[in-house]
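Start from the sequences, fold in the hints, and give me the full structure.
Chain by chain, the residues:
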Amino acid sequence: MLKRAKALFLSLLSLVVSLPALGSAVVETSTRQLNMPQGVTEVSQAAYDIHMIMVWVCTVIGVGVFGFMFYVMYAHRKSRGAVAENFHENLVVELLWTIVPTIILIVMAFPATTALLKVYDTDNPDIEIKVTGYQWKWQYEYLGEGVKFMSELRTSDDEVYGREPKGEHYLREVTEPLVLPAGKKIRFLVTGNDVIHSWWVPDFGVKRDAVPGLFTAGWAKTDKPGTYVGECTELCGQGHAFMPVVVEVKEQAEYDAWLANKKAEAVEYASTIGKEWTAEELMTKGEGVYLQSCAGCHQADGNGIPGVFPAIKGSPIALGPQIGHIAVLIDGVPGSAMQSFADQLSEVNIAAVIHYQRNAWGNDVGDVTQPIDVLNYKQSK
Amino acid sequence: MAHGPATLADGWRAYISRWVFTTNHKDIGTLYLWFSFAMFLMGGAFAMVIRAELFQPGMQLIRPEFFNQMTTMHGLVMVFGAIMPAFVGLANWMIPLMIGAPDMALPRMNNLSFWILPFAFAILTSTLFMEGGGPNFGWTFYAPLSTTYAPESVNFFIFAIHIMGASSIMGSINIIATVMNMRAPGMTYMKMPLFVWTWVITAFLLVAVMPVLAGAVTMMLMDINFGTSFFDAAGGGDPVLFQHVFWFFGHPEVYIIILPAFGVVSQIIPTFSRKPLFGYSSMVYATAAIAFLSFVVWAHHMFTVGMPIAGELYFMYATMLIAVPTGVKVFNWITTMYKGSLTFETPMLFSIAFVILFTFGGFTGLMLSIAAADMQYHDTYFVVAHFHYVMVAGAVFSGTAAIYYWLPKWCGKMYNETMGQVQFWVAFIGFNIAFMPQHFLGLAGMPRRYADYGLQFADWNMVSSIGAFIYGGAQIMLLYNVIATIRNGKPTTEEKTWEGAEGLEWTVPSPAPYHTFEKPPEFK
Amino acid sequence: MSTDASNRRVVVKSLFGAAGMFAFAIFVLPPMYDLFCEITGLGGKTGDEYTAVDVRVDTSREVRVRFVASNNASMPWVFKPTKDSVVVHPGEPTEITYFAHNVTDQDMVSQAIPSLVPNNVADYFHKTECFCFENQPLAAGDQADLKLVFIIDPDLPAGVNSVTLSYTIFDITDRAADPIAQL
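Chains as they are written, first to last, in the numbering used here: chain A, 1 to 381; chain B, 1 to 524; chain C, 1 to 183.
Hints are computed from structural coordinates only; laboratory data are not their basis. Among the hints, a few may not be true.
Stated by the list, open to error - Mimicking PhoX-like on lysine-lysine, the simulated pairs with C-alpha atoms at most 25 Å apart in a straight line are: (1) Lys83/C x Lys262/A; (2) Lys263/A x Lys80/C; (3) Lys127/C x Lys80/C; (4) Lys339/B x Lys78/A; (5) Lys147/C x Lys80/C.
As the list claims (entries may be wrong) - Taking CB as the label site, the calculated pair distances span: (6) Gln252/A x Ser126/B: 53 to 63 Å; (7) Trp361/A x Glu152/B: 43 to 53 Å; (8) Lys263/A x Phe99/C: 18 to 28 Å.
Even glycine gets a Cβ: it sits at the ideal position worked out from N, Cα and C.
Dropping the structure here:
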């Protein structure tokens, strides 16, 4: 019985160990990373260093303690003829293994403290970025520069649900990354728009909870240009796993050019707001916006989830007056999960998605919503 | 009408009445144990759903909204429905036997404490079928996700928590009264078995912090239904206040989970070493120290919320300090084995695995206490790995050890030793395959409560899922072993089942008679 | 004392203890937490109305104060600071405004909640007048310039040259109308 059981385990074990190889063949970018990254900032390096100190201290203690225990299990087994002694107290030994670990802890407290002081060194930044966590995306605002944009997951639902093969950057790609200059100290002011989220970039060593109503501060400064990916690390609802953080660090000159371009884009956008779009243009654009920003709750087929998210197909709002439909997107629906999208989508995108909702799935209202209509609503009353 | 407790031979009406109205600590212990095992299997089923979905990247089986319900219910059911009631069941069965008392101090309250539990869990489980689904905000239910943004079932969730809390508080009061007032003459406090000590200390912890949990969910209830703003910044409240109140309960709660497990292991290791527990008084003081310290370290669950640095440093230091009394206990268990005469029956296997794997979990706990490093660990799979090592390889292994250890006393049948050892190895191997890779996942950057993940996390997730399925299989094996023993096990009537066992429970026949120690025993 | 009587005593004491902890959680912890936040600046909560006593202005130091505005969840108002930042001397009273515009067709009430970064110097940021002290009603379509007058304490720790004050506005129209919530 025992022999057969042993044989079964060994085969199971070898199966388990070999399976990942099978997995890797299918998924090229899968890794078997074992350790924390060192990252590219002082803070990430400090976290890594103290982590490694702890790993070594615990390994040494563990090897010592478990080694002794395995020795005892071997040498003092009854089948080897061991006879039990009767001692059960020893003050010296008890004091020793109370005092020595305490001393070890006190020694470890020093590097632990200096590392934490680094985390809190948020004073006197060169640049400040306001990071706002939304369900389920991030908003970045460059304070003092007038540049503000949303950063949403770019991976499609089709990839998530297996209707299309997964791309290399599956769940690690966004519509617009946060762009930062190398060599400057950046302070992040993190807050939440709705529920608590948490903004984490492992390579920066920064993790700050995004709490609605208050701001927490983190900082980063790196000399290494590159793309750094992070995650939301506080359960925030169904999209918790679907709102990654992507940061691009550029050399100063490149960053300056990018920033100037963003400001120019904003100016240009404001001047083209009066353009008249055709129904086809709005429908195409609107479908894209809908799948990106609405389908998560209201579903791609417009049917919503009964009892949780209302259907848009056949809804009184989508079939009713245009102004009421605009109002829902601009004002949100207080007391529900439907937020105001005034801050999150441009007037063009809001007009397009309203047009799509009013004309897709057989709704066929037949009217056309222009960006200027949306802007007028926002500014009038 | 037969004398003694009703059996099926007396008709099903009498049999059901017996179990519904019993005030006998052995019966109530049995009820708790079977209930907790059923909950363990249900919570385990939720875990299988989670690990099946996480087997590969992408959403194959369920939607993210349901995944969040699974992770939440898995946590709630395991903590409040499986582990806590299991150890209460052990307390009910063993504490009167160990102190030479005829029953618990308050037998009728004992019955109530148990029977409200199936009621509470029926309510909690029913939320999964309500419109909007069950609780989906994590077992830690932070506001405002659990208040403003909660599904409609949240009020039932709160109701269920209140009932579970009441059960725990009543059970703890019973244990304190029993131990304080009903020990056999000659059994002073410092002569009580360590299992009794750990449970008394745990009971004080429960009476102190379960009401705080009740306070937290009451404040939640008021915010949701009566327009107050405890946790709502708009009205002058603060979501972070919720975290403080919750963890003020939550940290002592994890010690409530582990201290009785320490007690079990402190009974089993001396038995199979044929040597008394080393350092009895230190073990008592260390347990008390751990319980006391558990009150003042709660914010180490909140290191990323933006606490002022002085607070963060204090909580880091205080948390590191808990390693000292815990280390003392580990050293004492090993020294008990040292120069003993060791055999490795199934209870001993689980207890030794407990010492090794719980200590490993303690090491990752020490790492987590280092706030600067916690910036990288917090809310990742590193934390998930840590708490499964201490709660599963810790508390659950200890509970399993207790079952094998005391089953002969409970039912007068001996389990099959080979089957026990096989079950141990399947559990041990499955557990480590499931949870060791989760450390790597966390360090590589995978957050917890994620329904889906980037491709670079695929390998370790697959391994972890396979291990989880193996571990799940081990629990079915455990169920089989227990039932097979009860039905076909080799009968045993010996008082002292195990050669090295000491204590009053080993002076009564097996199975233990329905009423024991009706006259207090002589205890020296 | 008989066992029964001893048991009864334990039960009574434990129940009192449990009830006490429940009351502690609901009635003591929240105010304790508020006090703790006030003292340590957790969450960057700036204090209540401040009555200026010291008129000492420290002209040797300059502090940049940056202003940030945030809308919570479904708060549709336009809300922004009229100036991105100002540079002030500690001790010098300074007035700035935030612009608010209710763009909906309903009368609404808002509450602004401040948060200062770095959190630990929130204690040194005094507001003698602030729109955040009261809730702000705005009729449909109305606009307002909301006033803030602040003084940075001259004892501001050395080395702090820039602070960022953020306001988040919340829609409390329902709450302001609900008499129960006034409790």
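Legend entry - Hint numbers contradicted by this structure: Result: hint 7 breaks, nothing else.
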